Amino acid sequence: MHPFAKARERVRALNAAKIERMFAKPFLASLEGHIDGVNVVVRKAHSLAVVASASADGEIIIHDLPQRKHLLRLPTAHKRSVTGICFADSDRLLSCGVDQTVKMWDVRTSLDEDGSGDLGENSLPADGSKPLTVFHGKTAFNAIDHHRESSLFATASNCVHIWDETKSSPVMNLNFPTSTETITALKFNLSETSVLASTGSDRTFTLYDVRTGKAERRLVFQMRANALAWSPTLPTSILLASEDHNLYTFDVRSLTSPTQIYKGHVAAVMSCDWSPTGTEFVSGGWDRTLRIWNEGDGRGSEAYHTKRMQRVFSTIYTGDARFVLSGSDDGNLRLWKAHASEKLGIIGGRERAAREYRTKLREKWKYDPEVGKIERRRHMPKSIYNTSKLKQTMLDAQRVKEERRRKHSRAGETKPKAERRKVVVAEQT
Amino acid sequence: MRLAIRNNSNGRTKGLQQMILTRANITLDINKDELRGLGQDTLDSDAANKAMEMLRQKITADMGEDMGVVNSEDDEDIDSDAAFEGESDEEHFGAFKFTQKPGPSQWPKSPKKSTRMSLSVLLDGDGGESANNNNGASNADSQSDEGLSDMEEDEEDILAPTDDEDIELKGDALNKLDSFIDDLSHQKRKASDITEPLPARSIKRRVIPEWMEAAIEGEFAVPSGTDAGKITLDNLLKPSSASGNNASLGSLEKSAKLLSSTKNQPLSAPLHQRQQDRVDREAAYEATKDEVQKWAPTMKRIKEAEHLSFPLQVLGVLNTSSSELASKFKPSTELESAVDQLLKASKLQEEDIEKTEELQMSNLTIEEVTTRHAKLWQMRELMFRAEAKAKHISKIKSKTFQKIQKKAREKNTLTLDQIGVLDPKAADAERLKLEAARAKERVTLRHKNTSKWAKQMNAHGIDLDVDQRQELNAQLECGEQLRHFVESNGENDVAGVAARTFDELAGLDSTDQQSGLLEMKFMCNAEERGYRVTESMADDFRADLVGMTADGVDIVESKGDGPSALEAVQGNQGELIFHPTADQSQNAGPSRVTPVRLTKSNESDTSSMTLKSSVEPVTASPQLDLQPPSQPSQTIPLIENPWLVNPTTSAKLSREKNEILVSKKSLLASKSKAALKKQLACTEDALSHEADDPVVEISLDKAMTIDHAKQKRKQKPKQEGKETTEVVIPVVGATFQNSDDEGDDAEEEGIKAFEQRDLVALVFASNNVVEARSGQGSWGGCGTKKSQPKPHLIKKVPGVTPAARADAGKAQDLPHPYTTKAQFESSLEMPIGPEWNTCMGFQKSTLPKVIKKMGTVINPIEKLF
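Taken in order, these protein sequences are the chains called A and B. With the first letter of the first sequence counted as 1, position 140 gets the number 140 in our numbering; the numbers rise by one all the way through. With the first letter of the second sequence counted as 1, position 643 gets the number 643 in our numbering; the numbers rise by one all the way through.
If you are wondering where the hints come from, they were derived from the structure by calculation, not from laboratory data. A quick note: this is a predicted structure, and the numbers were derived from the prediction, not measured. Check before you lean on any hint, since a few could be wrong.
Stated by the list, open to error - As a list, the in silico DSSO-like pairs of lysine-lysine whose alpha-carbon atoms are at most 30 Å apart:
{"hint": "1", "chain 1": "A", "residue 1": "K391", "chain 2": "A", "residue 2": "K401"}
{"hint": "2", "chain 1": "B", "residue 1": "K391", "chain 2": "B", "residue 2": "K411"}
{"hint": "3", "chain 1": "B", "residue 1": "K863", "chain 2": "A", "residue 2": "K167"}
{"hint": "4", "chain 1": "A", "residue 1": "K360", "chain 2": "B", "residue 2": "K853"}
{"hint": "5", "chain 1": "A", "residue 1": "K263", "chain 2": "B", "residue 2": "K289"}
{"hint": "6", "chain 1": "A", "residue 1": "K6", "chain 2": "B", "residue 2": "K810"}
{"hint": "7", "chain 1": "A", "residue 1": "K79", "chain 2": "A", "residue 2": "K138"}
{"hint": "8", "chain 1": "A", "residue 1": "K25", "chain 2": "B", "residue 2": "K853"}
{"hint": "9", "chain 1": "B", "residue 1": "K853", "chain 2": "A", "residue 2": "K69"}
{"hint": "10", "chain 1": "B", "residue 1": "K863", "chain 2": "A", "residue 2": "K263"}
{"hint": "11", "chain 1": "A", "residue 1": "K25", "chain 2": "A", "residue 2": "K391"}
Required output: the full structure, derived from the provided sequences and hints.
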């Protein structure tokens with residue numbers, strides 16, 4: 001073996017870490033158009049280019065990502081806020097709002113493959129202004145999601161309604177009997193398609209199955225969850241974005257405690273979405289950042305922020321897991337790279353090899369003090385920096401208080417509780 | 001019998017416990033309410049079957065062998081039994097057992113039976129015994145499919161006491177459960193009276209209804225007993241059915257039967273809505289969990305995968321055959337359509353060809369067609385086989401096999417003679433071609449690395465050691481020299497050299513008259529012997545020489561030598577012979593040297609003793625050849641007094657070392673040494689050689705005054721002469737001026753040594769620095785004494801020993817997967833760069849975990865079945 005192999009590799013690792021930081025420029029584009037905050041962003045299945053976003057002023061815009069154009073605008077899709085949208089299939093879009101309606105839109109005419117059907121800023125398609133179908137509910141809807149295979153879709157209001165596209169009234173009402181809550185978010189499982197999960201306003205998470213037609217289990221947390229997402233590769237795994245600044249992954253087979261806690265946000269997490277690969281996920285927070293996490297790594301998140309980005313209400317990955325979209329309160333849809341220092345465009349074989357080698361080196365040497373320092377260090381906006389410091393102080397104080405309490409109580413009376421055990425307050429059957 | 005009872009009850013218990021256990025994973029503590037609430041849906045037939053299975057096993061096991069053997073199943077049973085607070089099975093379920101039918105699956109039947117039983121009690125008036133019989137029989141019947149019919153007899157006895165508990169046999173499973181639990185508590189209370197005999201109880205329960213009416217009961221006279229007061233539809237219909245006049249009544253009866261059977265039992269009260277919901281939810285969750293659990297293997301694979309290449313689920317690529325494509329083909333472009341039209345016009349399309357073939361076939365008889373087909377098939381088959389065989393043979397790696405194959409191939413090919421027989425012209429051409437090739441090879445490739453040996457050497461490549469490499473180089477060099485010589489001198493020079501050598505040999509032959517001691521017979525004999533040997537050697541050499549010249553073998557001048565110093569080179573593999581008789585000298589070395597000298601010493605007429613001794617210093621000198629020439633002074637002590645050295649040994653040494661023999665047979669070491677010497681000779685300037693010559697002459701004059709000696713030395717290569725002179729000087733010095741080597745040294749390398757000394761002095765000047773100034777070099781100044789340490793004044797405070805530290809033995813700040821420091825360090829030790837790894841290894845180690853295809857949508861995994 002070469003006598004300086006190790007030393008040389010270390011230097012290379014150090015350089016690789018520096019290079020990675022130097023080229024870490026994740027922000028790609030801002031897709032403008034919304035006047036109010038963007039509540040929801042969804043991607044079209046089997047498409048890389050098309051995403052739809054809906055804002056709090058009742059507008060829905062369908063974007064073409066490569067050309068950064070609007071394919072379709074529905075300015076008054078709903079009265080007041082649009083709370084949820086989803087693609088029913090490739091040419092129909094479902095939207096729900098606080099105006100107690102669910103509307104189905106035909107977006108086919110404007111979604112030509114070559115982009116020739118895209119329309120100007122002001123011109124509207126004749127059929128785009130009118131929905132195909134309107135489903136009326138009795139309360140405001142908070143979320144909507146479509147079944148992956150069949151023509152069912154679910155809406156969240158005071159309970160979960162399962163609708164059929166062809167029927168005007170819900171085919172099924174799912175709710176946990178004793179609940180008087182409002183359902184805030186819901187998602188169908190992607191692989192086990194009949195399984196449905198929702199989060200409620202009274203700090204709950206509920207699991208449903210359309211086949212049995214029942215709410216099967218409910219968890220009560222310390223604080224409410226704002227969003228949820230099913231893993232695309234691990235069908236039992238579900239991600240919850242919680243109001244307590246953390247994200248949690250649960251295994252639906254045992255809901256007593258989360259499988260992992262993801263800490264990093266310094267304010268409530270408003271949205272989350274898995275990468276299609278199932279190895280990463282993105283979350284957007286009230287702290288005006290979006291963060292990219294590796295599944296199973298509770299600490300090391302990559303935070304993206306810009307000066308003008310406000311509270312991030314919605315985040316999604318694109319279909320090829322290369323990009324991330326965030327819709328924020330400032331009315332912009334932002335496009336980011338999922339890996340900050342990734343090079344766009346065609347990469348040759350040698351370059352790819354070099355990149356892979358560098359990545360491996362960084363990974364291998366991340367425990368080296370200097371390399372690790374470069375890897376970890378991030379410059380955050382002052383507000384976030386200060387908030388995180390404050391949060392740390394508060395957490396420390398809490399911990400100290402807990403310890404003191406324990407010290408002054410009878411021996412064995414109060415035992416320290418694992419962090420994971422604290423998350424779920426009650427599991428209701 | 002008792003054993004059987006026990007076992008039966010045991011089995012029953014097991015069944016129920018198992019039911020409970022299966023539900024235990026829902027919630028671990030099941031209370032009575034929940035039991036009731038769960039009802040029939042959890043107590044499914046599966047559990048019952050299991051219970052029955054276990055029961056049967058238990059019974060057969062116990063019947064077959066002693067109770068002493070306990071297998072693992074039994075152990076489990078014991079455990080589950082223990083859950084019922086350590087009471088024996090008999091106590092618990094002596095009563096319970098008989099209230100229920102073997103398994104929950106058969107429960108719906110039981111109410112019917114019970115009614116029938118009660119009826120039979122009523123009608124027969126026989127009492128409990130017959131009823132029991134009936135009951136037992138029915139029970140046994142129900143169990144017969146489980147293989148328990150042989151237990152009928154036993155069960156009759158057992159069944160008897162539980163007669164009165166028929167009331168409890170309400171069809172509902174919930175009620176049963178309820179009763180079961182009641183029984184449990186009841187039996188617990190009665191734990192003390194184990195010994196209570198069963199028959200006593202049975203007697204007590206045999207209640208025979210009293211008959212008050214005189215008349216026989218029928219459709220007009222109905223009995224009015226209190227317990228048998230119930231009139232069923234059966235009772236009323238019996239007479240009419242007995243008359244059996246119409247079929248409609250039969251059908252009515254059937255429907256009525258159904259009605260009666262269902263009506264007979266009261267419906268159980270439903271659970272409270274909330275309770276029911278909860279139970280439903282539990283079950284639904286379990287079902288969902290089971291459904292989701294099916295993904296477990298997939299998820300495990302994904303989690304454990306080292307590399308994930310997306311998309312994970314690739315839909316099977318449709319393999320389209322060419323025929324399929326052809327059938328689907330439709331001409332789209334102009335060219336395609338044009339070609340298509342042409343084909344159509346000329347009837348060259350697939351269908352047309354088939355048609356024409358068919359037409360042709362139609363002219364032939366069926367036999368002909370079949371034979372054709374058979375022939376075709378045979379040909380195809382043969383071709384295929386031959387191909388397969390060839391493929392197989394080409395893959396065989398065995399060298400011997402290939403050799404045999406090659407030989408066989410050669411056998412098959414015609415030899416030149418054979419060709420000559422067949423076609424003389426072709427043979428001539430072939431021969432000419434071969435000759436040309438051979439000639440070309442001779443000219444161009446000679447003395448290159450084309451010989452077998454050289455090829456082998458080359459094949460070794462880097463593995464060659466120094467000697468082998470030198471050999472190879474020597475060979476190449478030799479070849480180069482040869483070529484050079486051939487180009488420059490040509491044939492006539494070779495002839496000249498050969499002639500000169502012949503002359504020399506002839507000179508050897510000239511004989512002189514001898515006198516004195518040498519005239520004596522033994523001396524003459526010895527001389528004769530020696531002469532013969534020499535003669536033979538000379539002859540050999542002559543023959544060699546003749547052969548060489550005839551072969552066109554070259555004789556080469558050594559570099560920088562005069563024409564007299566020759567190096568004969570044998571043709572075949574570039575052997576280098578510095579002495580004409582090199583080859584022979586190894587065999588006839590000693591005998592050759594002496595006679596030559598003897599013949600020459602005749603002129604001096606000195607004694608043989610002096611002659612010998614005079615020869616010795618000269619011949620012994622090459623002993624020092626082994627040492628490099630720069631250290632003569634060291635080697636001198638070895639032969640301080642050459643006169644005292646054993647003459648035979650010295651002669652031997654001389655024989656070995658005196659001549660430089662480089663031949664095939666010579667050792668590697670000697671070869672390399674020769675090369676070294678040659679080099680040295682080249683570098684040494686000619687002047688020094690000239691200067692040395694007189695010295696040699698002087699010393700030789702003293703020892704032996706022979707002209708031939710000089711002459712011969714001249715023939716010797718230069719380097720040899722150099723060696724001798726270098727050694728001779730000290731030898732002479734030793735004889736004439738004893739122990740004066742230092743002076744010689746000084747004389748020889750005077751200036752050099754002086755320079756060196758100066759240099760050394762200069763280098764080590766700093767070491768001899770005199771401490772000129774006081775205080776320099778020590779703090780206290782020059783001459784101060786260091787005080788002794790005072791142990792009593794040193795205070796030692798014991799710190800925390802490494803072993804006592806809190807983190808002793810624990811690794812500090814080790815990242816997650818590593819448990820020891822060594823482990824972690826070793827992970828860093830192995831580099832992953834391309835410089836230190838193979839190409840494949842590098843690629844493998846740097847492959848990222850997630851590999852995505854650019855521009856491909858990654859869909860969530862889905863069920864592919």
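Structure-based check of each hint:
no., hint, in the structure
1, K391/A <-> K401/A, "holds (15 Å)"
2, K391/B <-> K411/B, "holds (22 Å)"
3, K863/B <-> K167/A, "holds (28 Å)"
4, K360/A <-> K853/B, "holds (20 Å)"
5, K263/A <-> K289/B, "holds (28 Å)"
6, K6/A <-> K810/B, "holds (26 Å)"
7, K79/A <-> K138/A, "holds (15 Å)"
8, K25/A <-> K853/B, "holds (22 Å)"
9, K853/B <-> K69/A, "holds (25 Å)"
10, K863/B <-> K263/A, "violated (33 Å)"
11, K25/A <-> K391/A, "holds (28 Å)"
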